[in-house]
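Enquirer: Given next are the chains, with one letter for each unit.
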Amino acid sequence: MEHITKDGLDIILNDRKNTPRTSVCFYFAVDEPEKYSGIYALFAKLLLQGTKTKDAKTLALELEKNCIDVSIKAKQDYLKASFLFLNEDFKLAMQYAKDILLNSTFDELEKEKFKTKAEIKADLDSPRVLASDSFVRGIFRGHCYSNTCSKTLEEIDNVKKDDILDVYNKILNSKKVISIAGDIEDVNELTQYFSDNFDFMKTNDTESKIPVITDFVSKDGNAEIIKVSKANLNQAQLFQGWIVPSIKSDLYPKISVMNNILGASGLSSRLFVELRDKQGLAYTVRSSYEALLKSALFSFYIATEPKNIKKSLDGFIFELTKLAKNPPSQQELQGAKENLTGRLEYFSQTNSQLASMEGYNYLAGLGLNYSAKFIEMINNVSANDVSGAANYLLSKNSLICALAPDEYLNF
Amino acid sequence: MPNYKEKQEINYPYLSKPVSVYTYPNGYRVVIAKKDSHMANISTWVKTGSINENEQNNGVSHFLEHLMFKGTTKYKAGVFDRTLESKGGIINAATWKDYTYYYVTIPKISFDIALHMHADMMVDPLIPEDEVGPSFVFGKEIPEQKRERYVVIEEIRMGKDNNWRKVYSALNDAMYEKHPYKREVIGTGEIIASIPRDEVMRYYETFYSPDNLTTVVVGDFEDDEILEKIEREFKFKDFSNIEKCKSDERIPEVIIKKPAYIEQKTNVNTGYLMLGFLCESAKNLKQTIALDVISIILGEGKSSRLNTRFIEGQKEPYVSQIETCHYQFKDGDNFFIEANFDSDKKELFIDELKDELCKLANISGDELKKAKKRAKVNFAQEAETVSDIADSIGYYMSVCDDLDPAQRYLLTLDEIDEKYLCEFAQKYLNPSVCSISVLLPEGDK
Chain A
1 MEHITKDGLD IILNDRKNTP RTSVCFYFAV DEPEKYSGIY ALFAKLLLQG TKTKDAKTLA
61 LELEKNCIDV SIKAKQDYLK ASFLFLNEDF KLAMQYAKDI LLNSTFDELE KEKFKTKAEI
121 KADLDSPRVL ASDSFVRGIF RGHCYSNTCS KTLEEIDNVK KDDILDVYNK ILNSKKVISI
181 AGDIEDVNEL TQYFSDNFDF MKTNDTESKI PVITDFVSKD GNAEIIKVSK ANLNQAQLFQ
241 GWIVPSIKSD LYPKISVMNN ILGASGLSSR LFVELRDKQG LAYTVRSSYE ALLKSALFSF
301 YIATEPKNIK KSLDGFIFEL TKLAKNPPSQ QELQGAKENL TGRLEYFSQT NSQLASMEGY
361 NYLAGLGLNY SAKFIEMINN VSANDVSGAA NYLLSKNSLI CALAPDEYLN F
Chain B
1 MPNYKEKQEI NYPYLSKPVS VYTYPNGYRV VIAKKDSHMA NISTWVKTGS INENEQNNGV
61 SHFLEHLMFK GTTKYKAGVF DRTLESKGGI INAATWKDYT YYYVTIPKIS FDIALHMHAD
121 MMVDPLIPED EVGPSFVFGK EIPEQKRERY VVIEEIRMGK DNNWRKVYSA LNDAMYEKHP
181 YKREVIGTGE IIASIPRDEV MRYYETFYSP DNLTTVVVGD FEDDEILEKI EREFKFKDFS
241 NIEKCKSDER IPEVIIKKPA YIEQKTNVNT GYLMLGFLCE SAKNLKQTIA LDVISIILGE
301 GKSSRLNTRF IEGQKEPYVS QIETCHYQFK DGDNFFIEAN FDSDKKELFI DELKDELCKL
361 ANISGDELKK AKKRAKVNFA QEAETVSDIA DSIGYYMSVC DDLDPAQRYL LTLDEIDEKY
421 LCEFAQKYLN PSVCSISVLL PEGDK
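Protein chains in written order, with our numbering: chain A, 1 to 411; chain B, 1 to 445.
Don't take every hint at face value.
What the hints assert, rightly or not - Pairs of lysine-lysine residues, derived as DSSO-like cross-links and limited to a Cα-Cα distance of at most 27 angstroms, are as follows:
no., chain 1, residue 1, chain 2, residue 2
1, A, LYS307, B, LYS160
2, B, LYS302, A, LYS57
3, A, LYS248, A, LYS57
4, A, LYS35, A, LYS65
5, B, LYS359, A, LYS57
6, B, LYS372, A, LYS91
7, A, LYS230, B, LYS166
8, B, LYS182, A, LYS54
9, A, LYS75, A, LYS121
10, B, LYS17, B, LYS5
11, A, LYS161, B, LYS315
12, A, LYS65, B, LYS5
13, B, LYS359, B, LYS286
14, A, LYS17, B, LYS160
15, B, LYS354, A, LYS111
16, B, LYS345, A, LYS54
17, B, LYS359, B, LYS345
18, A, LYS17, B, LYS108
19, B, LYS372, A, LYS17
20, B, LYS376, A, LYS57
21, B, LYS286, B, LYS182
22, A, LYS151, A, LYS113
23, A, LYS278, A, LYS311
24, A, LYS111, B, LYS345
25, B, LYS346, A, LYS230
26, B, LYS369, A, LYS57
What the hints contain is simulated information worked out from the structure, not anything from laboratory work. Just so we're clear, the structure is a prediction, and the values are computed from it rather than from any experiment.
Just chain B, with the same shape it has in the complex:
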């Protein structure tokens, strides 16, 4: 018999059977969703990311994510990748501000080995010194052994050549005063080049505790069969006696206190703009859904307000693409408008964008109806594949600490009316509280 402490059933939209959430006495959680498919997915979500970092270890969550693939007591570096990929598996991991997750999507027939090796990787990473690579002074020394440290530094380099990344990084930094979200998830070359292996391990021992982990399984399985295997394979070590890593103090920042305008120049052909707002926590379901709906009204599709005003309704548009983006976070959501534009029209564009934001004071019933249908379809889309379902569940469990918001999403969506949206927009998406980051071609005034 499985040894969980508590079971919760969630009626997850667009899935034919309820999703089960099992909580164990040590706080570890397992979520099982049924999906009739030849493929199956297992992922483990860790409630840590740049949210738990400080100035000295910024980037460690992401660096650790890379190093988790570098072998365990049972399996040397490379065996995990080779074994599962040679069975048709798609494996990878990702780090974001609130969470880090590791996943395997694999033909169902090979699911057992995937579960075994995934669990082994999660509970017993060795992080061997020779896989980490020697530390060095970034920008001054070049190590002979360029191992994973250098791979991450190449990833940082890659980001520096990405124009949208430049615009986003500058904006993200300007939007926050002190919160750890201010920092880049990937960290800096200086920190990654120098952080000792033992510091990375200590970070693992601090944050990869059972109460911080949720394992999500999606596929055509019986719950008891999965729970039995998980209990057998996820043998957590006791890290209660270690000296924990210190995180920066977190005071959620909602609504930008000092709106900023940042301008950078480089060798680009066109202008890049991101305009951003800080909003309430993703745990506030109604407000998060309001942002989803406003995002659709403003920027999703050719008939959205921004596309109509700046592109489709113009004979010679000075904007070549424009869209909205809603990032959901534990300590407060982000809302962005991003666009490529003719840099000669910068002032005009910013004025017109702000004018368009003011117009959110009026939202028609037809617009809202259309946006609600789109939001429902977007939700349905997230239930199409085993990996999409796992991603959606993992997000709710990590950012909202609970799967209940998924169950309430469609009902809460129905509760939202024009008045609520307009009031919400006036408070949170007011042009007076946005920050703006632009990247312009060199030589522009």
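Just chain A, same shape as in the assembly:
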């Protein structure tokens, strides 16, 4: 991997020989809370709805005719425009990238609002999505990380074209990085090309104004419960989560290992073995640790027969407490570390995955070769650190969100 700064551009290059497609990701930091929930996602959609010289239909047709795959996504802390194309189409793909990022008209705002609302309504038909939406909205309440699709549905009608232009202005003036993975023939030529054509990608040394959030403020003691009633369901959807320190904290590698042991390693995690294999409570049960820039969320999830809600919640806490009281064996600890390392490799096999991961790491201020640093940090985690992380969770307030038919919500 190579990091090049040229004429104000930050470029990360991953040279992968003999790969037929190149991935280029343009990353932009999102530095401020959204004025309306979902406005950055709406902005991202509008970037593919026509430029000054090409209407949406022409743009889509030309991109697809050339098999240039474009995906523009807004997340809580960044916006990413990814282009994936055959190596020989490099310059053509980058011409489209430049046109999209510089010349979009945002004229189709009302239509995109209409489409977005219909898509959200369909998404919220899924019990898991509905429960997850209520859970995230609840645990981050009062903070922009609580901007979920249901909140977007409530606020999207307020968005005006000036709001979109304001977002665009902020994006253009934010911290940026271009991350490339592919069969790179000439590094100098490539960086010169970007310098000549993408001066709007010059990075700015901005600081995120999104507030840090370190704790979940429970309305109801140690574990607040949100109950969502939905009739005629065969399974309850259950989340329990804690707000925890994020990626730059000393706790990050410790929570990562703890998460792996509890419920993220695959078929051998403790939750999987105890709640699924031994008790038959679920087909899907897991833990997850989602690190955002200003906060992070550790959570348990299970989809279970509605009458098992209490048993499942008890199972979560039982496993967490067990780990807090008894550090994992050296064998289990080492297994978790190797699992995390293997997963890192597994999920960076394609150029698209690699460009995406390296670009984000750099934008988030984690530096270059963060994967190697992460593995080093993981390898320094001790069994007591893992118990410490579990104790940390137990000392904090949590939020439970249960979605089930009404008659099963008296737990």
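Given the coordinates of chain A, work out where chain B should sit on it, guided by the hints.
Expert: Same frame as chain A, now just chain B:
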């Protein structure tokens, strides 16, 4: 020296070296594909799935897939998962209509242990009674020991809460008259709750014979080194004397004989629609590729016909998402259009969809050129990771019985012209031979 009977080399598109297919005297096949990667993949594909089931054992292929992970003579339940995941492996399995497969993707450095344990699992599963869990009457009894039986029942429950699954299941049932494809791969709660452990074992002994298995290895290896290890580890038992499970009679059904319309209602916000066709076997390469191409023209990307007509070309679209889907099967492919739509516009939507299908009588040269390039890129995409390559090879070996179609894919794609596509569409994707399944919000008329 390896003991295979026959070796075939296949020039697999987008791989730098030919893929080798080795056939052993007992019919067992090994495929080795080279890929320069830190990761390696081993998978074994069994030519069985719901295609070999009947009314009494529907779901047994999938249940067995779960139970294969429950220990062998050498390793107790859980050791396989724990050992390989603690070496960075991603392990799992899946069951579909024509095949069941088991895979490990793992850093190359740990490949030997992966091969050893994967082979052990494939040839010596114990299926212990206490891991299966006691049988019970579904819906009336709750067993004290909820083991793997109950896990699968939870998986069935999960499917029942999935709106697309509801629409697909109803459509799939309606599209076929008698063929075993009519049934759900996952089976029913009643069967899974009651099927005896010995029946599951008998199913294994019937269908997991060497001539029904293909092991695929993808990674940076020498063939002889891999073959030697496979021959050492895959010690097949002889099940020739057991009483075999009976499968339902299979008469391939191509083109729906009794087109049906199925409507269900539940507590959803939006309408769900699937429209389906039955086509020729996936072994008919030219026709399968024709479906790939038509699928791209109709439903892949914003500039596809369906997206343009129903979403991108509308000021206030009544369809929020629409796409096409092509499932390839041994006894005949499926082609679907699926969409979320404003349920008030149901009749209009169905009429317009049928109208769009009729328009397949005209396909322009530009459209075809664009779709062909996309089909090539899709194929290239399947050669990016060791697991994608293994999945693609495993599919061809299980559904088409041969890897040659992969080698001929791009050449055959080039042979397809507008006339062929239009004639194909008129015969197989004619609106008069489709079935339709919709799910609507409760309270809708």
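Enquirer: Look at each hint and say if it fits the structure.
Expert: Outcome of the hint check:
1. A:LYS307 - B:LYS160: OK: LYS307 (chain A) and LYS160 (chain B) at ~17 angstroms, within 27 angstroms.
2. B:LYS302 - A:LYS57: Holds, at roughly 8 angstroms.
3. A:LYS248 - A:LYS57: Roughly 43 angstroms separates the two Cα atoms, so the pair is violated.
4. A:LYS35 - A:LYS65: 37 angstroms, violated
5. B:LYS359 - A:LYS57: Holds, at about 19 angstroms.
6. B:LYS372 - A:LYS91: At roughly 22 angstroms apart (the allowed maximum being 27 angstroms), LYS91 (chain A) and LYS372 (chain B) satisfy the hint.
7. A:LYS230 - B:LYS166: 17 angstroms, holds
8. B:LYS182 - A:LYS54: 47 angstroms, violated
9. A:LYS75 - A:LYS121: 20 angstroms, holds
10. B:LYS17 - B:LYS5: Between LYS17 (chain B) and LYS5 (chain B) the Cα gap is close to 22 angstroms, so the pair holds against 27 angstroms.
11. A:LYS161 - B:LYS315: Distance ~17 angstroms between LYS161 (chain A) and LYS315 (chain B) Cα, so the pair holds.
12. A:LYS65 - B:LYS5: 46 angstroms, violated
13. B:LYS359 - B:LYS286: Holds, because 21 angstroms separates the two Cα atoms, which is no more than 27 angstroms.
14. A:LYS17 - B:LYS160: Roughly 46 angstroms separates the two Cα atoms, so the pair is violated.
15. B:LYS354 - A:LYS111: Within the cut-off at roughly 25 angstroms; holds.
16. B:LYS345 - A:LYS54: Roughly 31 angstroms separates the two Cα atoms, so the pair is violated.
17. B:LYS359 - B:LYS345: Roughly 21 angstroms separates the two Cα atoms, so the pair holds.
18. A:LYS17 - B:LYS108: 19 angstroms, holds
19. B:LYS372 - A:LYS17: The given pair, whose Cα atoms are some 26 angstroms apart, holds under the 27 angstroms limit.
20. B:LYS376 - A:LYS57: 23 angstroms, holds
21. B:LYS286 - B:LYS182: Measuring from Cα to Cα gives roughly 25 angstroms; hence the hint holds.
22. A:LYS151 - A:LYS113: 14 angstroms, holds
23. A:LYS278 - A:LYS311: It holds: about 13 angstroms lies between the C-alpha atoms, which stays within 27 angstroms.
24. A:LYS111 - B:LYS345: Distance of about 18 angstroms is within 27 angstroms: holds.
25. B:LYS346 - A:LYS230: Given that 27 angstroms is the threshold and the Cα spacing comes to 25 angstroms, the pair holds.
26. B:LYS369 - A:LYS57: 18 angstroms, holds
Checked against the numbered hints given earlier, the structure breaks hints 3, 4, 8, 12, 14 and 16 and satisfies all the rest.
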